[in-house]
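Asker: So the protein sequences, as listed, match chains A and B.
Heads up: the first sequence runs through residues 1 to 360, numbered per the working numbering.
Heads up: the second sequence runs through residues 1001 to 1460, numbered per the working numbering.
It is possible that some hints are incorrect.
Label pairs and their calculated CB-CB ranges [stated by the list, open to error]:
1) A:Gly152 x B:Trp1127: 44 to 50 angstroms
2) B:Leu1300 x A:Ser159: 30 to 36 angstroms
3) A:Glu333 x B:Asp1388: 36 to 42 angstroms
4) B:Lys1282 x A:Leu343: 51 to 57 angstroms
5) B:Pro1381 x A:Pro323: 54 to 60 angstroms
6) B:Leu1030 x A:Glu339: 43 to 49 angstroms
Non-contacting residues of chain B with respect to chain A, defined by C-beta distances greater than 10 angstroms in every case (computed) [claimed, not checked]:
7) Met1120
8) Arg1122
9) Phe1206
10) Lys1275
11) Ser1323
12) Leu1324
13) Val1385
Computed, partial: chain B to chain A, Cβ under 7 angstroms [said to hold, decoys possible]:
14) Leu1051
15) Trp1062
16) Val1129
17) Ser1132
18) Ser1137
19) Ile1140
20) Val1382
21) Gln1383
22) Pro1386
Treat the hints as calculated values from the structure; they're not laboratory data.
Glycine included, each C-beta is placed from N, C-alpha and C at the ideal position.
Each chain, letter by letter, is given below.
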Amino acid sequence: MSSEKLSNCEQSCGGSGHGGGSKDEKGRSRRDFLRYGAMAGAAAMVGLTTGCGDMEEPSAGGGDHSHESSSPRTVRLYNEDGQLVEVKAEAICHTADPVTDNEELRRGVEGMSFVMVIDLARCRNARRCVEDCQKAHGLRPDQEYLRVNKMGDVDDRLSHNYWMPQLCFQCDNPPCTKVCPVDATFKRGDGIVAIDNEKCIGCRFCMAACPYNARVFNWNEPLGSEESMEYSPETSLPKKKGTVDKCDFCPDMVRAGKLPHCVPACPNGVIYFGDRNQDVVTNGNQVERLSTLLQERGGYRFLESLGTRPRVYYLPARNKQFPFERGLENYEEAREFMEEYRLERRPSDHGSSESEGGEQ
Amino acid sequence: MNEEIRQKIIDDGLRPLRQGMGWKGIVWVLFLLAIMAVAAFAYGQQVRQGLVVTGMNDIYSWGIYIALFVFLVAVSLVGAIFSSILKLTNFEFRRPLTRIAELIAVGAILFAAVAIIADMGRPERLWQVFASGRLQSPIIWDVLVVNTYLVIGLLLLYVPMIPDLAYCRDQLQDIPKWKKKLYRVLALNWQDTPRQKALLHRAEKFLIILVIPVAVAIHTVTSWLFAVTHRPGWDSTAFGAYFVSGAFVAGVACVIVAMFVLRKAYGYHRYLTDKHFDYSGKLLVLLSLVYLYFNISEFLVPAYKMSEKKGALLEMLFIGEYSLVFWGAIVVGIILPALVPIFKKGRTPGVLTVLAVAVVIAHWAKRFAVVMPPMGNTLSPVQIVPSDWHVYNPTWEEIAVTAGIMAGALLAITVMARIFPVLPIRDISQGRFEETDEKDEQGRQAFELMVEQHGRQDHE
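Whole structure, please, built from the sequences with the hints as guidance.
Answerer: Structure representation (structure tokens):
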């Protein structure tokens, strides 16, 4: 997305009169409508997270951001002057055309700096985030971009037990991209650590280097890889056998102005996603100021001492909203399922050539 | 040294090139080819189905292919010891061993590269490494030094062999045409002129000095593939020295085995004498003690602290699932070679060779114990995975490919030892006269005496 388009988008959505304003102004205008998002509800929210994403035709809503629309679907927003205005819904939630230029994809969404905040106090291991993530990315059950860890020792009376969703932290000092011999995994300008699986040689050095085991490998033919599909490193589809995969904050979604799949999937609003530049995060229902949230709730990052500077923050599991035990059933179920899955795929693991690769 | 002795050395050096392989040699080559055929089949499976045919998974994302790579790189360092370090330090016993060591080095490093390709999920994209390699990646450092070392190793094998190739050209008559041509081309019109000798001497001197930093670099960089990560057990500043010191032990053990085999196969008892085993045994003690030192610092210091994750790893190694491999490697790969050859009996060819075979196997296990356990000891919890992911068990395909790569290295060494004289003929016969310090003179006399004695034994 070009900066020109971005500022057009702001004009149209945020109602800012002066395009190409300073960074602060941009930030504020987005923040304004983000703040509004909480009132407008989740539907509008997803359209707003990245500042409207890529507006294909700014003229569609560009000029008349402040007038009352006759369209049946309108959305109310604050403009820069703090006035409530109404704009056409389609002016906001345009789905972006897939960006196919590799150079542009490597730059990322301009002006953004994506972060995530995970509220451990709300997690009860519902595993909906995992399920939606798996489905959206066509992953095999044993390939989890996002996993929920059981933390603490259940048998120890003094242990603090809680559930911890963990995904790729999109580190700002990423051990994985450093070691890649061919620049197949890289850090984008918007903070996302992405993979170009058309370049990956499958050496798995990045997997060895990642201290969080965030990366998974396509050990066999990936599920549901459609040959006809045009590859994009933003969707990471179609997947390719012999290459590395991982969570990448769903860049195709955020470019289109939507939240990553795991965020709206969570029934308890555990996962917040947002922009560090604008200092704002949302879980689809609530919009929070990132800095305030981290300050007030004592946000921290996992294994901070490694110095990888993750972009995923955790809010400690203080005053848990659910008893820890409520998640145990799902946990055991998931483990059992994994065991069954293992037994199921075992025979085809070892060399029977007639077994269909995609079925493994 | 008189002309008669020199001619005898030349004859002995060229004799294997005149003879056929013999049935033992043919069986050996067929055996290696059979292993390679199975490996090719297994690798075909791997290419078709993906790396899923291996025992690797998202926890153990590297397996025995990487251990094999580390092992082969380690073994290749032996070229530098015998051709360079022992030469610069004037150890006479290295003379008949240099070519064997160089052959092993070249064979090992060639197939170390193959091991890496076997490990790749997308081997057809190998060209990317050269086309768009990132200099920031330690893999690219490794590619650079491995290739540099391969070139230097080949030169170090070839340059001192030029006069020997001239002997082949001049004195081998009843050989196939292609071989004649090969020797003629490779001998580079060597006529033993003073100018040629001076040039050769300078080239050799240059190479034997150049090879030392490159040899140290190659295994240091290999260790950095691990040391640049955060994983406890790999995250060590001493890893380079730890790897290099271990490589020397493994390499010398390989040379001892090769020395024993060649002596038997080619009847080189008068060149590869008991004395050579004796010295190699002493060298093994020294190198094992150095390696022991690095092992103690690598394990004792963290074991004193038992910090959380490192402690968990040490438990896996000391008393956990890897304890058998770990202690086996320590005892057989370090303690025994540091102790047994101290005794004179331990340096006799038979005992030392048995020990060396055990050391080679133990050093394989050692590479396994260095690479695998830190992968199982994850820094972050990994819980919802198939239970067998927490243990690494290589599959038959993986083992077959690994064995095939080792067989390939052995076959390369065997073929080279069939085409080229494994005895550095000139080095043994002529080198004495060029260097005239007192030590050499003594060595020369001892050698002549030895040749005479063995000659007598031959007649009896």
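Asker: Now tell me, hint by hint, if it's right for this structure.
Answerer: Taking the hints in turn, this is what the structure says about them:
In this structure the hint that A:Gly152 and B:Trp1127 lie 44 to 50 angstroms apart at CB holds, the actual value being about 49 angstroms. A C-beta distance of roughly 31 angstroms is found between B:Leu1300 and A:Ser159, which places it inside the suggested range of 30 to 36 angstroms. The given range of 36 to 42 angstroms is broken by A:Glu333 and B:Asp1388, whose C-beta atoms sit roughly 19 angstroms from each other. For the pair B:Lys1282 and A:Leu343, the supplied restraint of 51 to 57 angstroms holds, since their beta-carbon distance comes to about 55 angstroms.
The given range of 54 to 60 angstroms is broken by B:Pro1381 and A:Pro323, whose C-beta atoms sit roughly 20 angstroms from each other. Range check, B:Leu1030 to A:Glu339: about 45 angstroms between beta-carbon atoms, so the 43 to 49 angstroms window is met. Interface exclusion of B:Met1120 from chain A breaks down, the closest Cβ pair being 5 angstroms apart, not more than 10 angstroms. With a closest Cβ-Cβ approach of about 4 angstroms to chain A, B:Arg1122 is found to fall inside the 10 angstroms limit, against its non-interface label.
With a cut of 10 angstroms on Cβ distances, B:Phe1206 stays outside the contact zone with chain A, its closest approach being about 31 angstroms. With a least CB separation of 45 angstroms from chain A, B:Lys1275 remains clear of the 10 angstroms interface cut-off, as annotated. Against the 10 angstroms criterion, B:Ser1323 stays outside the reach of chain A, whose nearest CB is about 23 angstroms from its own CB. The claim that B:Leu1324 lies off the interface holds: its Cβ sits roughly 24 angstroms from the closest Cβ of chain A, which is beyond the 10 angstroms cut-off.
Separation of B:Val1385 from chain A is inadequate, the least Cβ-Cβ distance of about 6 angstroms not exceeding the 10 angstroms criterion. Annotation: interface hint on B:Leu1051 holds; nearest CB of chain A at approximately 5 angstroms, less than 7 angstroms. Given hint, B:Trp1062 at the interface with chain A, holds; its Cβ is 6 angstroms from that chain's nearest Cβ, closer than 7 angstroms. Hint status for B:Val1129: holds, given a least beta-carbon distance of 6 angstroms to chain A, under 7 angstroms.
Hint status for B:Ser1132 relative to chain A: holds, with the closest Cβ pair at about 6 angstroms, below 7 angstroms. The beta carbon of B:Ser1137 is positioned within 7 angstroms of a beta carbon in chain A (closest approach about 4 angstroms), and the interface hint is therefore held. The criterion of a C-beta within 7 angstroms of any C-beta in chain A is met by B:Ile1140, whose closest approach is roughly 5 angstroms, and the hint holds. A hinted interface residue such as B:Val1382 counts as satisfied when its beta carbon comes closer than 7 angstroms to some beta carbon of chain A; here the least separation is about 5 angstroms, so the hint holds.
A cut of 7 angstroms between beta carbons decides the hint on B:Gln1383: the least distance to chain A is about 6 angstroms, and the hint holds. For the restraint placing B:Pro1386 at the interface with chain A, the shortest Cβ-Cβ distance is roughly 4 angstroms, inside the 7 angstroms limit, so the hint holds.
Going down the numbered hints, you'll see the structure goes against 3, 5, 7, 8 and 13, while the others check out.
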